[in-house]
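**Student:** For the record, the sequence lines run as chains D and C.
Anchor point for the first sequence: position 178 equals 502 in my numbering, and the numbering is continuous, going up by one each time.
Anchor point for the second sequence: position 171 equals 495 in my numbering, and the numbering is continuous, going up by one each time.
Please keep in mind that the hints were generated in silico from the structure rather than gathered at the bench.
Given the structure is predicted, the values throughout are model-derived calculations rather than measurements.
A couple of the hints might just be wrong.
Identical copies go unnamed one by one, so any copy, or any two together, can satisfy a pair.
Derived SDA-like pairs (lysine to any residue); straight-line CA-CA distance at most 20 Å [claimed, not checked]:
{"hint": "1", "residue 1": "Lys758", "residue 2": "Glu693"}
{"hint": "2", "residue 1": "Lys563", "residue 2": "Asp622"}
{"hint": "3", "residue 1": "Lys626", "residue 2": "Thr670"}
{"hint": "4", "residue 1": "Lys390", "residue 2": "Pro679"}
{"hint": "5", "residue 1": "Lys587", "residue 2": "Arg339"}
{"hint": "6", "residue 1": "Lys490", "residue 2": "Asp684"}
{"hint": "7", "residue 1": "Lys327", "residue 2": "Glu719"}
{"hint": "8", "residue 1": "Lys506", "residue 2": "Ala696"}
{"hint": "9", "residue 1": "Lys506", "residue 2": "Gln384"}
{"hint": "10", "residue 1": "Lys587", "residue 2": "Tyr655"}
{"hint": "11", "residue 1": "Lys369", "residue 2": "Asn669"}
{"hint": "12", "residue 1": "Lys513", "residue 2": "Asp622"}
There are 2 protein chains.
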Amino acid sequence: MGKNAIRFHFNNMFRPAVGEHGLDMAAIPAAAEAVARMHAAMCVKKEQMAWRQLPYNQQQVVAEVKQTGAYIRASFDNFVVLGIGGSALGSKALFAACCHPRYNALSAERRGGPRFYVEDNVDPDRLQSLFDVIDIKRTAFHVISKSGNTVETMSQFILVTDLLQKAMGADFRRNIFVTTDKESGLMKKIADAAGWKSFVVPDGVGGRFSVLCPVGLLSAAVLGIDVDALLEGAAAMDKICTQPTVEENPAYLYALLYTEAMKQGVNISVMLPYADALAPFSEWYCQLWAESLGKAVDNQGKPVHYGQTPVRALGVTDQHSQIQLYNEGPYDKIITFIGVEHFRNTLLIPSAAVPVFEADYVCGHSFNELIAHEMQATIHAVTTHGKMNNCIWLESLNACTLGKLFFFFEMATAAAGELLQIDAFNQPGVEAGKVATFALMGRPGYEDVARQLSEKHSASESYVFHA
Amino acid sequence: MGKNAIRFHFNNMFRPAVGEHGLDMAAIPAAAEAVARMHAAMCVKKEQMAWRQLPYNQQQVVAEVKQTGAYIRASFDNFVVLGIGGSALGSKALFAACCHPRYNALSAERRGGPRFYVEDNVDPDRLQSLFDVIDIKRTAFHVISKSGNTVETMSQFILVTDLLQKAMGADFRRNIFVTTDKESGLMKKIADAAGWKSFVVPDGVGGRFSVLCPVGLLSAAVLGIDVDALLEGAAAMDKICTQPTVEENPAYLYALLYTEAMKQGVNISVMLPYADALAPFSEWYCQLWAESLGKAVDNQGKPVHYGQTPVRALGVTDQHSQIQLYNEGPYDKIITFIGVEHFRNTLLIPSAAVPVFEADYVCGHSFNELIAHEMQATIHAVTTHGKMNNCIWLESLNACTLGKLFFFFEMATAAAGELLQIDAFNQPGVEAGKVATFALMGRPGYEDVARQLSEKHSASESYVFHA
């Protein structure tokens with residue numbers, strides 16, 4: 325499968341490569357029983373992990389997504405995703421990985437589809453600026469919220485329906501597309517009352533595992549990304565990532581090595597792709613890894629406060645920002661390099677039009693060679709500095725290899741949760757902030773919380789500076 | 325100075341606010357001697373820290389920058405910065421903080437200046453895509469490299485001079501603007517040979533401390549950003565950040581609290597602004613903090629492997645990605661919140677054009693209230709979860725308050741280096757990767773390194789997977 329191939333290299337996680345701060349090779353046989361238990365649990369829980377069925381059980385959904393996507397592609401100048409977190413990061417990763425790096429700046433002919441925006445914040449300046457650059461009458465909005473309790477998305481939805489109605493009257497309903505829960509939740513209620521047919525976030529598919537359902541697939545279809553190849557890539561990776569042992573299953577090995585490193589106090593995971601097109605993929609990974617494994621208690625309710633902080637970086641750019649720290653700093657991180665063998669363009673470094681003296685050694689090489697050599701050089705540098713790292717090589721970056729990457733990290737994350745014996749699929753720690761926001765925004769039923777908050781904030785403070 | 329005011333809140337760094345995992349208030353008096361030594365060193369070394377003079381000693385430079393900036397503003401459709409790391413991040417922070425959030429998508433009339441691009445990577449797809457959206461004949465390039473040894477910037481420079489000459493012949497020289505060392509280095513030699521007058525990176529101003537010299541100022545001038553206000557903000561912050569004690573000097577307190585936390589094993593620093601316009605500022609901070617404090621040895625040459633890994637996050641977006649980890653995960657991080665009291669726009673949440681049922685509690689509020697309440701709610705949540713945090717409130721985000729932020733963090737970083745007794749201004753750990761890249765690109769004089777690298781890579785590998 326040539327151009328869709330992926331290679332994983334894990335050697336630089338071990339002491340023979342990085343020295344005393346690496347993992348002991350003996351950790352792998354020693355973990356055989358734990359891995360066997362983990363695999364058994366992954367098999368038993370497969371049905372509950374509904375995201376694992378998405379590569380296989382969506383024939384009808386995909387047909388509807390393609391149909392709606394083709395309609396939006398042909399009918400609108402702009403496509404705006406209204407969603408946040410897991411409802412946004414998959415679409416951002418798909419867009420960056422598969423579309424032209426300056427897609428929105430291209431002509432309609434070169435784009436072949438609408439301009440694309442993901443509005444995953446409520447910053448008033450940023451949100452207002454969207455309406456400075458789009459004609460709202462010519463804009464389709466994809467509103468994504470499983471529950472309809474997402475205050476950011478609902479506030480955006482309310483603003484947009486008001487603006488649309490003022491601009492177009494009753495016709496505005498045609499510009500709204502909804503993805504939410506099958507039957508329950510506020511957004512479903514709203515969609516039904518307004519007469520919107522809605523796409524479904526299947527039960528058991530949490531936000532951070534939802535990219536391969538309509539949450540991400542509709543963006544892909546609107547952008548002309550090959551939805552079938554995306555799911556085929558995920559299915560191909562699933563075949564490998566359901567193998568029982570770490571010798572056959574890279575997701576299990578990744579999970580084992582990272583959880584072993586966590587036990588040694590390695591609390592940082594750096595995602596360092598050498599391709600601008602993968603920068604938003606790192607953001608998607610950061611939510612997956614952080615929200616799934618950052619847990620206060622294990623399955624027995626024992627306080628553990630697990631969690632590895634994911635860091636998104638970009639090669640080669642961040643070599644000039646972070647590598648001093650990675651090389652000389654603490655032995656507290658693992659770096660995952662992602663390389664792309666074949667970019668879409670081959671860009672040569674020609675001879676300069678002015679004398680460049682000893683800088684001419686680069687002339688005749690390509691930027692493709694340069695970025696590949698810089699990644700190789702950086703792997704060499706962090707390895708010789710004794711820092712654990714691993715590498716994923718993509719033969720090329722396309723819908724299929726991206727589908728493989730999504731599924732690989734979802735499986736690795738689920739497996740890591742089993743090895744740590746925590747619930748990788750809940751997010752109880754997000755509640756406190758949501759409740760406080762509801763209270764501060766005056767949502768009925770949260771008056772007591774509001775009172776506590778205002779008291780808290782009237783407390784006098786020292787160590788406050790005015791500048 | 326109303327709209328230019330900044331407030332710092334440090335209370336949530338201490339045990340009374342966050343409990344046992346906070347800092348002991350007694351750490352402050354206990355550190356009095358260390359702080360006094362640090363302040364003495366900061367005074368003695370002030371002259372060497374040439375970046376500390378930049379708010380005061382650039383009258384002539386600023387006049388020239390403004391003149392050139394006005395010329396570029398009036399004469400070109402596009403302005404492209406060719407630089408990486410410290411030569412790029414300041415310009416990106418200035419652009420995002422002070423210009424329209426979708427500036428490049430606006431009409432020339434609304435922009436009032438050229439489109440703006442910072443090309444700080446060598447990804448062939450991204451670089452090629454630039455030439456799909458600009459008319460190179462109508463584009464000014466600002467080439468920034470102190471030494472001229474920056475392989476990424478030099479390769480871009482060589483490509484651009486070739487393309488320009490092919491498009492415009494000898495006239496192309498008018499499209500190139502250079503900032504480099506005063507007298508030494510390859511880029512200076514190239515500029516002199518080509519007859520380009522170049523702006524100067526002053527001696528003693530390292531890349532990550534260079535935003536307030538022409539490296540950043542020319543971008544500001546081209547973008548119509550108030551250069552004087554930027555430097556006045558820095559000067560105003562300098563007044564406060566040269567005070568001798570942590571009771572008077574927020575930069576010293578920041579440095580003391582962060583280094584004390586580091587000694588307790590807190591190895592992560594999260595920069596979490598609640599404004600899209602500050603997201604690139606976080607990237608600038610990440611280089612400053614990582615590259616300055618990530619050091620293998622102290623001033624006595626003793627191995628220390630210090631360094632706190634900076635993490636850039638964005639409120640409210642990353643509440644839906646990272647807060648589960650921050651709240652329930654390990655006590656291994658400090659979160660710096662940055663809030664903006666007054667955004668440029670006030671954006672109301674109106675009534676919806678369709679029934680939204682219990683979601684209507686947000687109607688009549690503003691997005692300004694929402695983002696402020698979410699920040700307050702998140703501070704409350706991480707604090708009640710026992711995680712150290714502090715907060716910087718900007719009355720508004722503008723050139724002056726941004727200048728204050730730049731200078732505050734530069735002073736805090738220098739002070740932290742003194743408290744840790746390390747050299748905050750070198751980056752020896754970056755060499756290994758640079759040398760390896762030179763070798764792999766066939767630079768004369770690096771043949772031995774090239775040989776070692778190829779041997780290393782021919783070594784057979786286990787734990788390699790093909791998918």
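**Student:** Evaluate each hint against the coordinates.
**Tutor:** Each hint, compared with the structure:
1. Within a single copy, lysine 758 and glutamate 693 get their C-alpha atoms only as close as 48 Å, which misses the 20 Å cut-off; across copies the closest is 15 Å, which meets it.
2. Taking the shortest Cα distances, lysine 563 and aspartate 622 never come within 20 Å of each other, neither inside one copy (29 Å) nor across copies (50 Å).
3. Proximity of lysine 626 to threonine 670 under the C-alpha cut-off of 20 Å is found in neither arrangement, the shortest distances being 54 Å within a copy and 46 Å between copies.
4. Proximity of lysine 390 and proline 679 under a CA criterion of 20 Å is satisfied in neither setting, with 54 Å inside one chain copy and 29 Å between copies.
5. In this assembly of identical chains, lysine 587 and arginine 339 lie within 20 Å of each other by CA distance solely inside one copy; the values are 16 Å within and 27 Å between copies.
6. In the homo-oligomer, the alpha carbons of lysine 490 and aspartate 684 lie at most 20 Å apart only across protomers (19 Å), although the nearest pairing inside one protomer, at 60 Å, exceeds that limit.
7. Within a single copy, lysine 327 and glutamate 719 get their C-alpha atoms as close as 5 Å, which meets the 20 Å cut-off; across copies the closest is 52 Å, which misses it.
8. Taking identical chains as interchangeable, the C-alpha atoms of lysine 506 and alanine 696 are never at most 20 Å apart, the minima being 46 Å within one chain and 33 Å between chains.
9. Only within a single protomer do lysine 506 and glutamine 384 lie at most 20 Å apart by alpha-carbon distance; the minimum there is 15 Å, versus 66 Å between protomers.
10. Proximity of lysine 587 and tyrosine 655 under a CA criterion of 20 Å is satisfied in both settings, with 13 Å inside one chain copy and 15 Å between copies.
11. In this assembly of identical chains, the alpha carbons of lysine 369 and asparagine 669 never lie at most 20 Å apart, being 43 Å within a copy and 49 Å across copies at closest.
12. With identical chains, the CA atoms of lysine 513 and aspartate 622 are never at most 20 Å apart, being 35 Å at best within one copy and 62 Å at best between copies.
Checked against the numbered hints above, the structure violates hints 2, 3, 4, 8, 11, 12; every other hint is satisfied.
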